[in-house]
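Undergrad: Each chain, written out:
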Amino acid sequence: GENVEQHPSTLSVQEGDSAVIKCTYSDSASNYFPWYKQELGKRPQLIIDIRSNVGEKKDQRIAVTLNKTAKHFSLHITETQPEDSAVYFCAALPGRKLTFGTGTRLQVTL
Amino acid sequence: SAVISQKPSRDICQRGTSLTIQCQVDSQVTMMFWYRQQPGQSLTLIATANQGSEATYESGFVIDKFPISRPNLTFSTLTVSNMSPEDSSIYLCSVQTGAGQETQYFGPGTRLLVL
Chain A
1 GENVEQHPST
11 LSVQEGDSAV
21 IKCTYSDSAS
31 NYFPWYKQEL
41 GKRPQLIIDI
51 RSNVGEKKDQ
61 RIAVTLNKTA
71 KHFSLHITET
81 QPEDSAVYFC
91 AALPGRKLTF
101 GTGTRLQVTL
Chain B
1 SAVISQKPSR
11 DICQRGTSLT
21 IQCQVDSQVT
31 MMFWYRQQPG
41 QSLTLIATAN
51 QGSEATYESG
61 FVIDKFPISR
71 PNLTFSTLTV
81 SNMSPEDSSI
91 YLCSVQTGAG
101 QETQYFGPGT
111 RLLVL
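Read top to bottom, the protein sequences are chains A and B. Take 1 as the starting number for the first sequence in the numbering used here and just add one per residue. Take 1 as the starting number for the second sequence in the numbering used here and just add one per residue.
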């Protein structure tokens, strides 16, 4: 089955700096890669996703890049704000089952 | 995206009892899933709830422990049976809204504590 590794497990940045979270996947059949943000006590919320026919996607301060050859994808957050503090999960979909990474706790400090 | 609700939002239960969690969607959806999220951990798929047939369980999860129903395209239940403290977790339902739509949206979750 699919295996998704996510790094780092924790990330602390100063407000205004950029944050990058990286994930690797094992199944070359994976063709859909969403990113979820989960604030404390809340449900995971989809923030951006990318499909395998696209190398990069951007939505305001958030961007995701995908390298199919290397089987890795990354989340980039620019101009971080305190409200970006949360746990972020990457995921990969090789067919039916969405497999999640282990999560990255992002802390944005003032 | 669909509006998803879950009941109860939280519960404290005694070991050996069972709890049924409900997931209601405001529109018909093609796929419904149940996940478990243990404290500080990632999301683990328990099963896919199939309308009109038995759910499809992932490795490590069995129907006797987690019976699932899906009587129609907007509703599903997950029962946690014969609970033990190890079942303390957040249980989330998620949905895919249409055929060919990979995006999954999550319900608010049910926080379960077993004493």
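What the hints contain is simulated information worked out from the structure, not anything from laboratory work. Don't take every hint at face value.
What the hints assert, rightly or not - The list that follows gives simulated cross-link-like pairs (lysine to any residue, SDA-like), each with its CA atoms no further than 25 Å apart:
1. A:K97 <-> B:I12
2. A:K97 <-> B:D11
3. A:K97 <-> B:E54
4. A:K37 <-> B:Q24
5. A:K57 <-> B:S59
6. A:K42 <-> B:E54
7. A:K97 <-> A:R61
8. A:K37 <-> B:T17
9. A:K57 <-> B:G100
10. B:K7 <-> A:E39
11. A:K97 <-> B:P39
12. A:K37 <-> B:E54
13. A:K42 <-> B:Q96
14. A:K58 <-> B:K7
15. A:K71 <-> B:I12
Undergrad: It remains to establish, for every hint, whether it holds in the given structure.
TA: Hint by hint, here is what the structure shows:
1. A:K97 <-> B:I12: Violated: A:K97 and B:I12 sit about 30 Å apart, past 25 Å.
2. A:K97 <-> B:D11: 28 Å, violated
3. A:K97 <-> B:E54: 17 Å, holds
4. A:K37 <-> B:Q24: 22 Å, holds
5. A:K57 <-> B:S59: 34 Å, violated
6. A:K42 <-> B:E54: Outside the cut-off at roughly 30 Å; violated.
7. A:K97 <-> A:R61: 29 Å, violated
8. A:K37 <-> B:T17: 33 Å, violated
9. A:K57 <-> B:G100: Status holds; Cα separation ~20 Å.
10. B:K7 <-> A:E39: Holds: B:K7 and A:E39 sit about 20 Å apart, inside 25 Å.
11. A:K97 <-> B:P39: Between A:K97 and B:P39 the Cα gap is close to 22 Å, so the pair holds against 25 Å.
12. A:K37 <-> B:E54: Roughly 31 Å between the alpha carbons, so the hint for A:K37 and B:E54 is violated.
13. A:K42 <-> B:Q96: 19 Å, holds
14. A:K58 <-> B:K7: 36 Å, violated
15. A:K71 <-> B:I12: Since the Cα atoms of A:K71 and B:I12 sit roughly 42 Å apart, the hinted pair is violated (cutoff 25 Å).
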